[in-house]
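> Each chain, written out:
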Amino acid sequence: MIDFTYTLFIVLIPMAMFLLLGLVGHKMKSFAGVLGTFGLGVSWILSIITAYQYFFVAGKIEGVYQKIIGFNTVWLHLTDKLHIDMGILLDPISVMMLIVVTTVSFMVHLYSIGYMKGERGFERFFAFLSLFTFSMLGLVVATNIFQMYIFWELVGVSSYLLIGFYYQKPSAVAASKKAFIVTRFADLGFLIGILILSFNTKTFDFIALTDVNGAAIATGAGASFLGLSVMTWSLIFVFMGGAGKSAMFPFHIWLPDAMEGPTPVSALIHAATMVVAGVYLVARLFPIYAISAPEGLMVVGYIGCFSSLFAAIIACTQFDIKRVLAYSTLSQIGYMMVGLGVSGYGGHEGLGYMASMFHLFTHAMFKALLFLGAGAIIHAAHSNYMNEMGGLRKYLPITHITFLIACLTISGVPFLSAFFSKDEILTAAYYHNRIIFWVELFVAGLTAFYMFRLYFRIFWNKEPQYHHTPRESPLTMTIPLIFLAIASIFAGYIPFSKFVSSDSVPFESEIELGLAIPSVIVGLLGILIAFVMYKKETSIPDKVAASFRFFYRWAYNKFYFDELYLFVTKKIIFRYISKPVAWFDRYVVDGTMNGISAMTNYMSYQIRGFQSGQLQQYAFVFVSGAIGLALVIMYLLIH
Amino acid sequence: MTEGIPLNYFLVLSTLMFFIGIYGFLTRRNLITILMSVELILNSVNINFVSFNKYLYPERLQGHFFTLFIIAVAAAEAAVAIAIIINIYRNFKSINVEDADEMKY
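First to last, the sequence lines map onto chains R and P. Its first residue numbered 1, the first sequence is counted upward by one per residue in the working numbering. Its first residue numbered 1001, the second sequence is counted upward by one per residue in the working numbering.
Heads up, some of the hints might be wrong.
[Said to hold, decoys possible] On the chain P side, residues computed to face chain R include the following (Cβ under 7 Å): (1) 1022; (2) 1026; (3) 1097; (4) 1101.
[Claimed, not checked] Estimated spans, in silico, between C-beta atoms of each pair: (5) R:24 - P:1103: 51 to 59 Å; (6) R:613 - P:1055: 41 to 49 Å; (7) R:171 - P:1105: 51 to 59 Å.
Because the hints were derived from the structure by calculation, they are not lab data. The C-beta atom is built at its ideal place from N, Cα and C for all residues, glycine as well.
Throw the hints in and build the complete structure from the sequences for me.
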């Protein structure tokens, strides 16, 4: 048995870096970046060692991957039964997430040294990146749902800090507030879910909660409310938190705006790691979902399915390249949710679960690559808008090749990583829910279309007048691109089902040609349409937009969801709920208090004349008092 | 030499002196006069001490000693009071008690 206590350092090193850079970073100047990157490099290497030891040496006992507690301590002791622990739980998905988070984070750190060079608040940026990495790592290794919730909020805070990094820019400030408030609102559901869940199961601990033969799962069948069991309700509430963090449909509005943050942040937080926390949460609680709350899983599946379609349609109409990528992220997370939603528990039934985790893994690589590539493009072209770009392939050869690889990957071109993972999701959907399958197949086509629309608009098409000739980025920025491109190509060859499965028992999964061929054809079709429309400057896109004028405008304005939310909050909630409440507070609650103080004030003004400063008046009052008292006493003595 | 004079006579005298002092204290505006009124009050008390001592406990001397103390303390107190009055005069250019009214609302 290997001692896994050292995994604690994976989490603690970024925290130490945060404290160090946050407190004394301003004295280090550009060295702060190198230091932060170095710290994460150490975490990364430790994660790789952990993964090796877990998957190949110590993790498997009799063919089943064990859940290993690397470290555990009671953090908040309330009673003997009710206590909140902090610890490190190692199981296939948490080890996989360690790899994902540290890899992407390390690449982003390295990239940021070049990207953020000379920016104001350089060391602050790295301190926040370390804070985020710490929180995210704490989240993935959480041993209990409460620890997860704590780190869940911490990643929310670091996301807020990083989106609002350019705090002089009002749009960035607004975006950071929006992200924080929307996710916080969703987290309310998460908290309610946790309370219901742990009230019923009497435990926070993940191992106890997800033990298939344990008491926790068995308690679910008990009470029911509105036709669904209490367990289902609690898990739907928990999923609400997950949907908020992963920007699934009703809470999706914050993610596109979050692109106001620096691009490396978008790559790390809003593409590869934090936004998949919702997927991870559902995966973490998957046995309960699958066994005692299948309806909850259905909700997950349908919301994922709808979000992926909805976001893909919007992505086709946007011009800000980062927003296109943001909607693409939404769409891909929708895929992962679908994967979980169409999965059963155990063996081949659990294909969807495995596929979802697989897609999470590959997506982290290629989407981080896309964002970092987009960062390099924005750096070179000084614009976020694709209509102000074109013909960049000549100027940015490395970025061009790596971006092309990422686009091919996300489009599901055979033998690149996403082909495998996406195909397995589609396979799982096909055997579980045909409607979802057809929708996702269509979304696969849309994905290929909008990604290649982006690609052709940036690298081909008509070249605009650039103010400065765009130049290739420095080495610290291109190395992460190249690394992630290689990862995007080869990550698909990892036999994922050997490592990650719903019941921790490795199984064989193979590509089903009958389902792979249509999805590839749909993908290629999408690429072809994009090629025809955007390879050269043509009038086709405008014509198409004109022929679907109504629908196009609708999608272009993101289906007016922002406006809808604003309407609901400003016109309804603020006017009919907040205003009366504010009135009550101002005039009744405050009024009482103000009345008391005004009364006291008035009275004291009336009697303040007594303190006249005239010595003889005081003496007179004193003497009269003394005489009065003497008279009273005399009277009492006589009687 | 006090044979035949009843105690009441002394008490009436001291009461009169006391209230004359109080009256002076409350009505005079000149600080020196106020100080003089205070001396009157003190002396009325002295008369009380001495006469009670003489009429009630002629074999003891506490009353007499108390009186001596009071006279000594009154002398010291008069010195302090006059010093204060001089300072007030320096500040207000007046020893009218009504002018020293800065400590008020």
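> Determine for every hint whether it applies to the structure shown.
Results of checking the hints against the structure:
A distance limit of 7 Å between C-beta atoms decides the matter here; for residue 1022 (chain P) the minimum to chain R is near 6 Å, and the interface restraint holds. With 7 Å as the threshold, the beta carbon of residue 1026 (chain P) comes within range of chain R, its nearest partner Cβ sitting at about 5 Å, so the hint holds. Because the beta carbon of residue 1097 (chain P) sits about 6 Å from the nearest beta carbon in chain R, less than 7 Å, this interface hint is met. With 7 Å as the threshold, the beta carbon of residue 1101 (chain P) comes within range of chain R, its nearest partner Cβ sitting at about 3 Å, so the hint holds.
At about 54 Å, the beta-carbon gap between residue 24 (chain R) and residue 1103 (chain P) stays in the expected band of 51 to 59 Å. Look at residue 613 (chain R) against residue 1055 (chain P): about 44 Å separates their beta carbons, and that is inside 41 to 49 Å. The beta-carbon spacing between residue 171 (chain R) and residue 1105 (chain P), approximately 55 Å, falls within the hinted interval of 51 to 59 Å.
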